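Chains as they are written, first to last, in my numbering: chain A, 9 to 233; chain B, 9 to 233.
Incorrect hints may have been included.
As the list makes no split between identical chains, a pair holds if one copy fits it or if it spans any two.
In silico SDA-like links for lysine to any residue, alpha-carbon gap of 25 Å or less [to be verified]: (1) K178 <-> R163; (2) K69 <-> D195; (3) K178 <-> D41; (4) K55 <-> P230; (5) K55 <-> F70; (6) K55 <-> M9; (7) K55 <-> E86; (8) K29 <-> Q66; (9) K205 <-> T180; (10) K160 <-> T73; (11) K99 <-> E149; (12) K160 <-> A30; (13) K160 <-> T226; (14) K84 <-> S153; (15) K99 <-> K178; (16) K99 <-> G165; (17) K205 <-> V232; (18) K55 <-> R156; (19) K84 <-> A30; (20) K29 <-> D195; (21) K69 <-> R47; (22) K10 <-> G202; (23) K69 <-> R48; (24) K29 <-> A134; (25) K84 <-> Y231; (26) K69 <-> E51; (27) K84 <-> R58.
It should be emphasised that the hints constitute simulated quantities derived from the structure, not laboratory data. Computed from a predicted structure; not experimentally measured.
Listed below are the residues making up each chain.
Number of protein chains: 2
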Amino acid sequence: MKAVILLSGGLDSSTVLYQAKADGCECYAISFDYQQRHRRELESAAKISRSAGVVQHQVVKFDLTLWGGSALTDNKMELPGDRSLEQMSEKIPITYVPARNTIFLSFALAYAETIGAERVYIGVNALDYSGYPDCRPDYIEAMQSVFRLGTKQGREGEAIAIVAPLLELKKTEIVELGNSLGVSWEDTWSCYAGGEKACGVCDSCRLRVAAFSELGLTDPLPYVS
Amino acid sequence: MKAVILLSGGLDSSTVLYQAKADGCECYAISFDYQQRHRRELESAAKISRSAGVVQHQVVKFDLTLWGGSALTDNKMELPGDRSLEQMSEKIPITYVPARNTIFLSFALAYAETIGAERVYIGVNALDYSGYPDCRPDYIEAMQSVFRLGTKQGREGEAIAIVAPLLELKKTEIVELGNSLGVSWEDTWSCYAGGEKACGVCDSCRLRVAAFSELGLTDPLPYVS
Numbered sequence: 009m010k011a012v013i014l015l016s017g018g019l020d021s022s023t024v025l026y027q028a029k030a031d032g033c034e035c036y037a038i039s040f041d042y043q044q045r046h047r048r049e050l051e052s053a054a055k056i057s058r059s060a061g062v063v064q065h066q067v068v069k070f071d072l073t074l075w076g077g078s079a080l081t082d083n084k085m086e087l088p089g090d091r092s093l094e095q096m097s098e099k100i101p102i103t104y105v106p107a108r109n110t111i112f113l114s115f116a117l118a119y120a121e122t123i124g125a126e127r128v129y130i131g132v133n134a135l136d137y138s139g140y141p142d143c144r145p146d147y148i149e150a151m152q153s154v155f156r157l158g159t160k161q162g163r164e165g166e167a168i169a170i171v172a173p174l175l176e177l178k179k180t181e182i183v184e185l186g187n188s189l190g191v192s193w194e195d196t197w198s199c200y201a202g203g204e205k206a207c208g209v210c211d212s213c214r215l216r217v218a219a220f221s222e223l224g225l226t227d228p229l230p231y232v233s
Numbered sequence: 009m010k011a012v013i014l015l016s017g018g019l020d021s022s023t024v025l026y027q028a029k030a031d032g033c034e035c036y037a038i039s040f041d042y043q044q045r046h047r048r049e050l051e052s053a054a055k056i057s058r059s060a061g062v063v064q065h066q067v068v069k070f071d072l073t074l075w076g077g078s079a080l081t082d083n084k085m086e087l088p089g090d091r092s093l094e095q096m097s098e099k100i101p102i103t104y105v106p107a108r109n110t111i112f113l114s115f116a117l118a119y120a121e122t123i124g125a126e127r128v129y130i131g132v133n134a135l136d137y138s139g140y141p142d143c144r145p146d147y148i149e150a151m152q153s154v155f156r157l158g159t160k161q162g163r164e165g166e167a168i169a170i171v172a173p174l175l176e177l178k179k180t181e182i183v184e185l186g187n188s189l190g191v192s193w194e195d196t197w198s199c200y201a202g203g204e205k206a207c208g209v210c211d212s213c214r215l216r217v218a219a220f221s222e223l224g225l226t227d228p229l230p231y232v233s
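Using the sequences and the hints, build the whole thing.
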């Protein structure tokens with residue numbers, strides 16, 4: 009069975025790729041170069057694709073800095089740093105990129121239908137304090153309807169299924185899952201800042217560091233602090 | 009009220025842009041350079057944007073030839089030509105581009121949320137024989153749910169509304185509507201082949217020519233045949 013995996017190169021999507029492999033899928037990875045600050049994650053996506061042995065890794069390019077609207081696509085906006093996990097859970101953060109997962113899933117759908125894949129895997133997670141609207145179960149259900157109604161495949165046969173294995177997991181559970189699947193954490197990248205070393209203070213670093221620490225594990229990534 | 013209008017430069021989307029203007033909207037047009045054969049339509053989109061006096065015209069570039077899957081994005085596939093309107097209605101044609109409207113609407117949603125628009129206009133039409141799955145009312149409803157659930161705006165306030173004024177119109181009714189709104193047909197482009205003159209035989213040309221002819225009107229575009 010063919011599957012398309014949305015792969016950012018981060019901890020979550022890398023775990024999802026290994027989950028798809030464990031599910032017996034022939035894996036086709038797709039990543040996006042949207043001029044994000046942390047384009048460094050694309051190198052990680054390429055490394056993880058190689059170590060997982062994907063059939064193909066597509067990188068789709070477009071430019072979301074055209075209109076900005078997020079701290080991840082507008083260099084003039086400051087990244088939030090040094091917030092506690094509780095502060096993160098309060099509201100939708102400025103790292104929210106309008107319609108990002110909708111754009112990503114749309115391209116994954118196009119790719120999946122073209123190659124005849126039955127599944128699209130995505131590493132969204134509703135519990136990791138991020139508050140992103142496009143990471144919640146009702147949103148994924150709505151996209152599933154789009155997959156069914158908006159394609160030839162969905163109209164004439166069985167719709168391509170969205171698989172979101174991390175949806176209800178805590179970050180620590182994701183790290184445990186990744187460990188059990190053999191994900192090479194040193195190849196992944198989570199930091200939003202995109203420097204040589206991970207900053208350790210952006211929301212994404214904080215969540216990652218907290219999870220490794222809670223589990224008593226060592227994160228092999230180099231951190232500034 | 010701000011509105012984003014999906015503008016291909018064809019007859020339908022140009023009419024929709026003029027409809028949005030007539031509805032009193034401040035118009036922001038968005039077009040896509042996806043390496044389609046008929047990229048010539050982008051010149052038309054620019055012309056129509058100017059004549060309609062839009063506030064901004066964004067052209068988003070990405071490459072759907074990465075995986076092909078359609079006669080519009082794969083030069084090795086032949087365009088269907090010389091089919092009757094009845095033949096066109098039989099099945100989903102090879103000019104179907106997997107997930108195209110889903111990709112287009114996703115970018116329009118991102119743009120709309122960023123600029124604070126209340127509406128996204130799209131020129132889909134369920135009756136023009138095309139058979140495209142992503143031009144039908146139930147699909148548009150599914151995307152409306154995505155607009156509501158997948159954005160900050162939809163979660164915290166009123167969702168950005170998808171407006172599809174041509175959904176239930178026949179091609180002749182669209183031409184009549186465009187005429188009443190003052191669309192300059194000579195600036196539009198419909199032909200899939202993308203030559204200097206319109207081919208006159210591809211599905212898109214056939215539908216356009218038949219509509220003008222049925223209404224006893226002259227299409228100002230130059231045709232090969």
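The hints, checked one at a time:
1. For the identical chains of this complex, K178 and R163 are inter-copy neighbours only, at 23 Å across copies versus 35 Å inside a copy, given an alpha-carbon limit of 25 Å.
2. For a Cα distance limit of 25 Å, the shortest separation of K69 from D195 inside one copy, 22 Å, qualifies, whereas the shortest one across copies, 30 Å, does not.
3. Proximity of K178 to D41 under the C-alpha cut-off of 25 Å is found in neither arrangement, the shortest distances being 27 Å within a copy and 40 Å between copies.
4. Within a single copy, K55 and P230 get their C-alpha atoms as close as 17 Å, which meets the 25 Å cut-off; across copies the closest is 52 Å, which misses it.
5. Within a single copy, K55 and F70 get their C-alpha atoms as close as 21 Å, and across copies as close as 23 Å, so both meet the 25 Å cut-off.
6. Only within a single protomer do K55 and M9 lie at most 25 Å apart by alpha-carbon distance; the minimum there is 23 Å, versus 46 Å between protomers.
7. In this homomeric assembly, K55 and E86 never come within 25 Å of each other (Cα to Cα): the closest approach is 29 Å inside a single copy and 38 Å across copies.
8. With identical chains, the CA atoms of K29 and Q66 are at most 25 Å apart within one copy only, with a shortest distance of 17 Å there and 39 Å across copies.
9. In the homo-oligomer, the alpha carbons of K205 and T180 lie at most 25 Å apart inside one protomer (22 Å), although the nearest pairing across protomers, at 61 Å, exceeds that limit.
10. For the identical chains of this complex, K160 and T73 are inter-copy neighbours only, at 18 Å across copies versus 32 Å inside a copy, given an alpha-carbon limit of 25 Å.
11. For a Cα distance limit of 25 Å, the shortest separation of K99 from E149 inside one copy, 22 Å, qualifies, whereas the shortest one across copies, 28 Å, does not.
12. In the homo-oligomer, the alpha carbons of K160 and A30 never lie at most 25 Å apart, since the shortest distance is 29 Å inside one protomer and 34 Å across protomers.
13. In this homomeric assembly, K160 and T226 never come within 25 Å of each other (Cα to Cα): the closest approach is 47 Å inside a single copy and 35 Å across copies.
14. Taking identical chains as interchangeable, the C-alpha atoms of K84 and S153 are never at most 25 Å apart, the minima being 37 Å within one chain and 32 Å between chains.
15. Taking the shortest alpha-carbon separations for K99 and K178, only the intra-copy value of 18 Å comes in at or below 25 Å, while the best inter-copy value is 46 Å.
16. Within a single copy, K99 and G165 get their C-alpha atoms only as close as 40 Å, which misses the 25 Å cut-off; across copies the closest is 14 Å, which meets it.
17. For the homomeric pair K205 and V232, the shortest alpha-carbon distance inside one copy (6 Å) is at most 25 Å, but the shortest distance between copies (60 Å) is not.
18. Taking identical chains as interchangeable, the C-alpha atoms of K55 and R156 are never at most 25 Å apart, the minima being 32 Å within one chain and 36 Å between chains.
19. Taking the closest pair of Cα atoms, K84 and A30 never come within 25 Å of each other, the shortest separation being 42 Å inside a single copy and 36 Å across copies.
20. In this assembly of identical chains, the alpha carbons of K29 and D195 lie at most 25 Å apart only when taken from the same copy (17 Å versus 51 Å across copies).
21. Proximity of K69 and R47 under a CA criterion of 25 Å is satisfied in both settings, with 11 Å inside one chain copy and 18 Å between copies.
22. When the C-alpha separation of K10 and G202 is checked against a cutoff of 25 Å, the pair qualifies neither within a copy, at 32 Å, nor between copies, at 35 Å.
23. Proximity of K69 to R48 under the C-alpha cut-off of 25 Å is found in both arrangements, the shortest distances being 14 Å within a copy and 21 Å between copies.
24. Taking identical chains as interchangeable, the C-alpha atoms of K29 and A134 lie at most 25 Å apart only when both belong to the same chain, with a minimum of 23 Å there against 40 Å between chains.
25. In this assembly of identical chains, the alpha carbons of K84 and Y231 lie at most 25 Å apart only when taken from the same copy (24 Å versus 49 Å across copies).
26. In this assembly of identical chains, K69 and E51 lie within 25 Å of each other by CA distance both inside one copy and across copies; the values are 14 Å within and 22 Å between.
27. In this homomeric assembly, K84 and R58 never come within 25 Å of each other (Cα to Cα): the closest approach is 34 Å inside a single copy and 30 Å across copies.
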